[in-house]
Amino acid sequence: MTIRVGHLYPEYLNIYADRGNIAVLARRATLRGYELVVESIGIGEQVRPGAHDLLYVGGGQDREQMLIAPDLAEKGAAIREAVAEGATLLAVCGGYQLLGRGYRGRDGSLMAGAGLFGHETVAGTKRMIGDVLLECELEPGIRRPLAGFENHAGRTVLDSGAEALGRVVHGFGNDGESGFEGCRLGRAIGTYLHGPLLPRNPWLADWLLAQALAHSQSGEPPSLDPLPDDLEAEAFRVAAGRARQRGGRR
Amino acid sequence: MGVRLGLETIAARAVGAVSRAAGRGGGTTLPGKLLWKVDPASVDALAARLTSGVALVSATNGKTTTTAMAAKILGQEHLLVWNRAGANLLSGLASALVSTRAADFGLFEVDEGALPEAIWRTRPRVVSLANLFRDQLDRYGELELVAERWRTAVDSLPEWTTLVVNADDPLLAALAEGRAKSLRFGLDDPRHARPTLQHAADSKYCVRCGQPYIYAAAYVGHLGDYRCPACGHERPPLDVAARDIELAGLTGSRFQLDTPQGRTAVELSLPGLYNVYNAVAAAAVAVALDVSPVAISRGLADFSAAFGRFERIPAGSKTIVVLLIKNPAGANEALRTLETGVPPVLVVALNDAIADGQDVSWIWDVDFEPLLPHVGRVVATGDRAAELGLRLIHGGLPEDRLEVLPSLEQALDRGLGLVEAGTELVILPTYTAMLSLRGILTERGYVRPYWDGTT
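As given, the protein sequences belong to chains A and B, one line each in that order. Quick note, the first sequence lines up with residues 1 to 250 if you use my numbering. Quick note, the second sequence lines up with residues 1 to 455 if you use my numbering.
Hint data in this document are derived by calculation from the structure and do not stem from the laboratory. Every residue gets a Cβ at the ideal spot worked out from N, C-alpha and C, and that includes glycine. Where hints are given, some of them may not hold.
Claimed, not checked - Output of the computed footprint for chain A on chain B, the stretches with three or more beta carbons under 8 Å from beta carbons of chain A:
1. 355 to 366
2. 386 to 397
Claimed, not checked - Chain A is faced by these chain B residues, among others (derived, beta-carbon under 7 Å):
3. L143
4. E144
5. G210
If we strip away everything but chain A, and leave its shape as in the complex, we get (with noise of 0.2 Å):
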């Protein structure tokens, strides 16, 4: 059984080691019997909605996230039907920028986005940069931690209705503000974290796989086999005690 990739522009968007997100699927997709197939879709190439379990979006510098940003607009229609049919999606940082409404510079000319989220992000004159500690509830009553490292000058504000990924116990989150972090739209997730985000949360590298896993059979998210993970739990507790120590303020 295999579980389908598309990873958008790989050469691009790879700052905050993505490649470490995709080494994690790809690992612990293994361990319990399943083969990650991973396809790089890159510019002028098409999305093409039901032919991937799980897309990825990774973060990029400035320049480089300047090359892509028309080109992601461009495939917007069709990132949104993707995941509307039940594909399961991962952006980090500048890909999470990417995938809302757009980015509003100082000079107030907004660059489009691919509008998946429901998110508009504006320049900031200071970096949020540091450890982060979030607090998720993807499924009601199931509240799990998330820790990571955020970068970004931009502050994204949520449309009033979306959903975000966790709230913010130590660090920044979106916009330095809120308290809330991240977007989440059905299996479609969207963070600033990286650090990268999936070695040290292997229950978020599980949960987007059983959602591609739901996918790629058309039925329900399979629950997988549990893996020792000690050295998971290990860097995780490290992070998180990172975040508590010296996280960005709110």
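We have chain A already, so just place chain B on it with the hints.
The following block gives chain B in isolation, referenced to the frame of chain A:
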């Protein structure tokens, strides 16, 4: 010297002596911090007293080594003041300036963020910009931002300042475009090119039109002989170049150095192509100051290594080889020097203090993969040892070959225990891990403290 400056200088020297006496780590930045706080303009005044002028060296990678190499070359003709312990913020420059009374020439490595102010305060004769790699993004924001600051700083340079740039770095070559007093250095030996750009390659898109460059040769990261297929923007001709390069594993390298004043042979006792870049950068600074090729070659041959960057430390019946790692490009090159003789045991130490970079995601951009199938055992250590262990496992290291020991001292002892007498233990530490390891080795009597000035 004004009376005020004189008194402050004496006070700062006294604090430096006290700081060293208290054994708090060399006192390399403390007195400068004091002077810097009391009177920042003192840096301008102290620098202005240097009769032969000032040269500034900046880069994300290799500036400590490049500066130390340039010091060996320039020290033959000048009495130098330089920040040998790598304290490269303005306070560090102040410390160095305070500590030396008789110098005629100032040579300073400068933190990439501090460069504009250092230029403004020291009015340098030479500014050398050697590379821009991803480095500690948690501190500086992104590459483009640093490049933009450098652009502004370069535009403010007086006409009589020589700008030395690495022509193999597209962003830096562009900074020297149209400037009369400039020198371009680089490597020219396609036999040492990498077949593909490394994962962490940064500036791979044309600075003019944004198309991906085509590389006739990519040497280290994005440094190389590039050309844009769309608009034709390409590496400019080299004024100072290393050619006919021979690498000899961990022991060193030799190459021919071409300068406008002629060719000379260079022997380096430092490993790797990245140190050839450092040497050519140092040579270009010397060329800008009219040093002869013979003197350049002699200075480089005399050079051993900058503090903590590459050291061979005898430890009883075994030898410890320390290669500093601090960002993807530097770590890739350190690993590359190991490819010819993969060590049976490797200790990798990852800390996440400010000087290491608080954001540890960079370890995922390091190409550990080629090494991992061949290494017998890896000891992951430091404050973020678990994170490092995860990186290595996902890079293909079998779990039974990994040991995770956060305590640096335990990891050091474990590593030494694993290698046989008469052989070497290779350690790759980040900056503060290197300082701690050095502290442990100093306590055991294997190394001298770094402020002895013998490194």
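Here is how each hint holds up against the structure:
no. : hint       : verdict
1   : 355 to 366 : holds (count 8)
2   : 386 to 397 : holds (count 8)
3   : L143       : holds, 6 Å
4   : E144       : holds, 5 Å
5   : G210       : holds, 5 Å
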